[in-house]
Each structure stands twice: as C-alpha cells, then as structure tokens.
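Protein chains: 2
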Amino acid sequence: MKKLINSPDAVLADSLIGVAAAHPELRVDHSNRIIYRGEGTKTGKVALISGGGSGHEPLHGGFVGFGMLDAAISGEVFTSPTPDQIQEATKVADAGAGVLHIVKNYTGDVMNFDMAAELAGADTGVTVETVVTNDDVAVTDSTWTAGRRGVGVTVLLEKIAGAAAEEGRDLAAVAAIARSVNENGRSMGMALTSCTVPAAGKPTFDLPDNEMEIGVGIHGEPGRRRVALAPASDIAGMLVDPILADLDFTSGPTIVMLNGMGGSPLIELYLMYGEVARLLEAAGVTVGRSLVGNYITSLDMAGCSLTLLRADDEVLSLWDAPVNTAGLRWGM
Amino acid sequence: MKKLINSPDAVLADSLIGVAAAHPELRVDHSNRIIYRGEGTKTGKVALISGGGSGHEPLHGGFVGFGMLDAAISGEVFTSPTPDQIQEATKVADAGAGVLHIVKNYTGDVMNFDMAAELAGADTGVTVETVVTNDDVAVTDSTWTAGRRGVGVTVLLEKIAGAAAEEGRDLAAVAAIARSVNENGRSMGMALTSCTVPAAGKPTFDLPDNEMEIGVGIHGEPGRRRVALAPASDIAGMLVDPILADLDFTSGPTIVMLNGMGGSPLIELYLMYGEVARLLEAAGVTVGRSLVGNYITSLDMAGCSLTLLRADDEVLSLWDAPVNTAGLRWGM
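The listed protein sequences correspond, in order, to chains Y and W. Note that this note's numbering has the first sequence beginning at 1, numbered continuously upward. Note that this note's numbering has the second sequence beginning at 1, numbered continuously upward.
Chain Y extracted, bound-state conformation (with noise of 0.2 angstroms):
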C-alpha cells in the first residue's frame, strides 16, 4: 500500500489537522471530528449538516461555509460517525431555526444519523429534519444499503439546499427544496480500479486488468455487471442509458455532473464529459449547467460518476447563488 499518511490508524486524524492548518476560516472539533463554520451559523438560519464515512473528499468537509454547510461530521474511511458525534454536530450548528441532517442512504448512515436526531431533540429541543439521499441507479440493495445507494445527487443537494437556507427559508421550506433535489437527481458510477482503504491495507476488491465494474457503489461495492475495457465513448452510454431509462431528463434544463472516483485525472473527466454531453443532445437532454471534477470520491480509485439532475428557474438560480466553501466556490 503506498499512501501519503503516517500510519492506517492516524488517517483522519492527522488529515483534520491538514484541514484546520490550511482553512483558517473553518472550525474543527478534533475529538468529534466535526468542521463548521469559523464564523458559526448566523442566528435564525436553517443550519444544514451532513457527514459519512470519510474517504469521498471533497465530500463533506470541503462543503462546510457560506451557501452549503454548516457542519460535516467524519467518520473513518469508509465508516459512518456515530450517533454522538452527529449530536454534538446537530447542537454546534444549530442557530436556533433548527437542523436540517442530509445522509446518504447507507443503513449505518441513516440508523446513526436517526439516532441523533431524537436525541438532539430530547437533550437541548432541537428540531430536526431529515432528507436521505438514493439517487444511485445502478442497483437495489447493497453491501451496506437497503434500497438505493445515496452519491453524487448529495453534493448538488448540499449546493442548492444550503442556497435556500442562506436566503432565509425555513427548516420547512429548506427540507422540501432538499428532498425535490433528491426526488430529481439520479446518479451513475463506473470504476476502472479497486480504491484501497488504509486500514485493510490491500485493494477493496480485484478488478482483472482488461475488465472495468459498470455501476460501482463509491466504498467499492459491487455494481451491475463487469465488462470488458471499452472506449470512453461506450462508457459514457453506459453511465448515460441507465439515468435516461430512469428518468425523463428532456421536460427542462438539467444539472450534469461529471465525477471522478479519486485516481482519475482531470483531463479524462474532460473527456468523459465531452462524451455525455454528446449522448444528453442526441437525447433531447438540455445541459443547464455543469459541473467536471471530484467532488465524491472513493479515495485513489479510477473511473468516474456522472449524475443528472432536473431543474427548474428556482433551482437554476440556487445553484447560481453565491458559494464559499473549499471544494466548490462562485460568486464571492
């Protein structure tokens, strides 16, 4: 295993301090392992938080600041925080217009993130909403999923819920515009190469060299089928063919999303998106805006995600809104 990091232990932790050292603007709770807002959530606000097994950088720390989140909660590599460390993130966020929790549909996720909630609610009266996200077509039912596998509609989600939140919407109005998000996004991901989690020390799965997994889960869990190595053209459809047969992308503008895993550079995402973009026009598909890069990963895998989301004017102008995060900044 070759990995820039002092030992398969001291992972997150010694990378929470890279984070605190480098964002001078952001808050971390080292023993919670909590990032939030330096200048706290401002009174009255809906406070949006999020959190997951770590491992998916950019994806949730580098989403914590003006106009997306206000806190994110780390788990270790691929493991999700526990219900105490949700609740001490629930009670730092919250301004006093309650807590919306955005988790991805992982059965540790959701049970632990549930867990929080009541007790955020019974220990200091918090309100609580809760929107889940399943935006992944590739499978039903997981390793660690129950229904579909929540990805990369999470990071669009975060972008445009927390616009709602900046504007002065209620915990109501944030939570609705967030699960709409949810109900619009779908989500696809391939995977040329296993990921290798640092404390298992050896790659998560075995992947031949002349084959690829067409709808990997983002901890590397199984996806539909395994295929024979093709060009990034017959990859785009493969991404593409499923998300369209799922969903009808052509009644407005659509949010387009091109992901990479984590060991992807960024001059095939380029071309990945220059070949869906090819496929969404010959579909009737109307690129609203979009969005190339890693924003979900799976640590140092190869290959790539691409998510659709259907918008509309008010969703167009969330997503416009001004951002100030780390992993995705516009307007400020």
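In case anyone wonders, no lab produced these hints; they're calculated from the structure. In this text the structure is predicted, and so the values were computed from the model without any measurement. Any given hint could turn out to be false.
It does not matter which identical chain is used: a pair holds within one copy or between any two.
[Claimed, not checked] The calculated EDC-like cross-link candidates involving lysine to aspartate or glutamate, where the alpha carbons are at most 20 angstroms apart (straight line), are:
no., residue 1, residue 2
1, K91, D29
2, K2, E211
3, K2, D234
4, K2, D206
5, K91, D170
6, K91, E118
7, K91, E166
8, K202, D9
9, K42, E25
10, K91, D123
11, K91, E39
Keeping the supplied structure of chain Y fixed, place chain W upon it in accordance with the hints.
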C-alpha cells in the same frame, strides 16, 4: 493501461471537446489547441499566455479566465506545443498592450516559446516578454531541462502576475512581478508511483512497491534519490528541508502550496499539509496563505509536491485579488 479514453492518439483533442462543452465562458481553438477567454482580453490589458505539454491539469487551461491567463496552449501529453501554436495564441490574446509568455523551464518549451515570440514580433509587431520558471530545487539539469525545472511556482506566478495585469500594469511591470515571484519561489516533489502516458501505454518508470522517488519531476524525470517508503511526517521533511536549505523563508509571510500529482486523494494531501505546516512553524516560517489540492499534476501519478513563495504585502494583495477560472476561483 486503464484510462477513460477513446484512443491514445485522441486524448488531447477529445479532452478539449469536453473543456469546450463544460465551460461556455471559454473559447477553444481546436485546430491550434488553444483555450482562451470567451470575452477576449480587455483592450489595453497586458495579456498572459502559458502552455506546455498536457497531462498537468488543471495547469494551464484551467487557469484561463479573469485574473489569471488570457490563453493557454496545449501540447500533446508531456510534449511542448509548437511555435506555430504559441504564435497563434500570442496573436489571439494580444489586446494592444503586449503579451507575457510564461514558460516552464524545459528545453523544448523554452525553444518553442522563443521562436513564437520572434515570429509574433516579426509577423504582427506584438511585443512579447518572457518569464521562465525554474523553481524545482531537486536537481540541476534533468531529462528535458538545462538548469532547474519549472514546476509549482508557475501556478502561483500565473495568479499573481494575472492580478497585476488585471490592475492595468504595463508589460514591463507585469514581467517584473512575474520574475520576482519565480526568484522567490522554490519547490520539491515526490512520487509514490509512476504515471502512465497514454501513447506509451505503460508506466514511465519502474518504482518498487516498497520505494518512493524524492525530487521527481512532473513528467516522471528522476529525482534526487530513491528511498524506502516512509511515514508522511518523514516525507514532509524530505520536501521542506531542501527548500529551506536553498532559500531563507523566515523574513516575511510565505505562500504555501501542497500540490497533488494527480493520483493521491485529498485526504492524503491534507494530511501532508498538516505535516508540512508543523515543520514550517518549527523552522520559523510564517504561513501567509495556503493552497491544498491538485494544481500541477503528472497524469495519474501518486505523490505530491510542495511550493513555498516568499511574499510581501503587495504579493499577498495580488494573491487575494479576485480570480475566476475553472481551477482557481475566489472573490467573484
């Protein structure tokens, strides 16, 4: 070779199609492989152009936009663009106040930019100034370089000189600040793995599972030495020490970039930054600004590089000035 490509010959052309599709705010001259500002260079503003071999994304195309470059020329992967391409970019970018060529110190790049500057002057009377970056302390002379290699300081220079040009400074002044940035910047890199050039189809160099290359170049050129894998804290010392031995960074604030080579995930890059920040503090170096992520890469190489730049109030102010590019964006 596992890559998201159609064919090794078409990687650059196909990737530029994706860049054009993803960035309607940019223009792409596909035949000359030039990315330039969609709104053009403002009349009377000094134009900044840079370029080199592809495979270092987001450098340089990702730095075209307000506050940085006016145009970027892409050579094939790890291959200099031709004088004709550079001449064309010089003409496209010129807005009457002259053009600064920003060139990393590799023999082919230096020669081709020189020829292009002569051609542009003779052909259209455009005034060109050139700055050559040579910040890599690892080695003197290398596979494709006489003298020191130009690496990470190029990113910082494009930002800082770009801000100076945006302020309306003249060509001599913009060139002067660019040269000053190069003189005050130093870098050192390392690799855990080789990269794989698509046209070659196999790793550029062999690196055993238990070794790493200290002082590697951004094309996989040999560094100072190969050593056994070591903890991140030791690796940080192998980057910090040779830089501090080469130049004194204790006299004022320092801009610090911890750059990924392309294949190392962000959780590791932040971890490395934490180790570097600790060593800099112990050495009496004050971090004025910091940047962590993939900015000048080597395709899919795992590893990182460190760049330090001595700054003063003027340089910090130019660094903080608004920038709006795909690869760096703040303040707007």
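Each hint, compared with the structure:
no. : hint       : result
1   : K91 / D29  : within (13 angstroms within a copy, 53 angstroms between copies)
2   : K2 / E211  : between (23 angstroms within a copy, 9 angstroms between copies)
3   : K2 / D234  : between (31 angstroms within a copy, 14 angstroms between copies)
4   : K2 / D206  : both (17 angstroms within a copy, 14 angstroms between copies)
5   : K91 / D170 : within (18 angstroms within a copy, 53 angstroms between copies)
6   : K91 / E118 : within (12 angstroms within a copy, 64 angstroms between copies)
7   : K91 / E166 : within (19 angstroms within a copy, 44 angstroms between copies)
8   : K202 / D9  : within (15 angstroms within a copy, 33 angstroms between copies)
9   : K42 / E25  : within (15 angstroms within a copy, 33 angstroms between copies)
10  : K91 / D123 : within (10 angstroms within a copy, 67 angstroms between copies)
11  : K91 / E39  : within (15 angstroms within a copy, 47 angstroms between copies)
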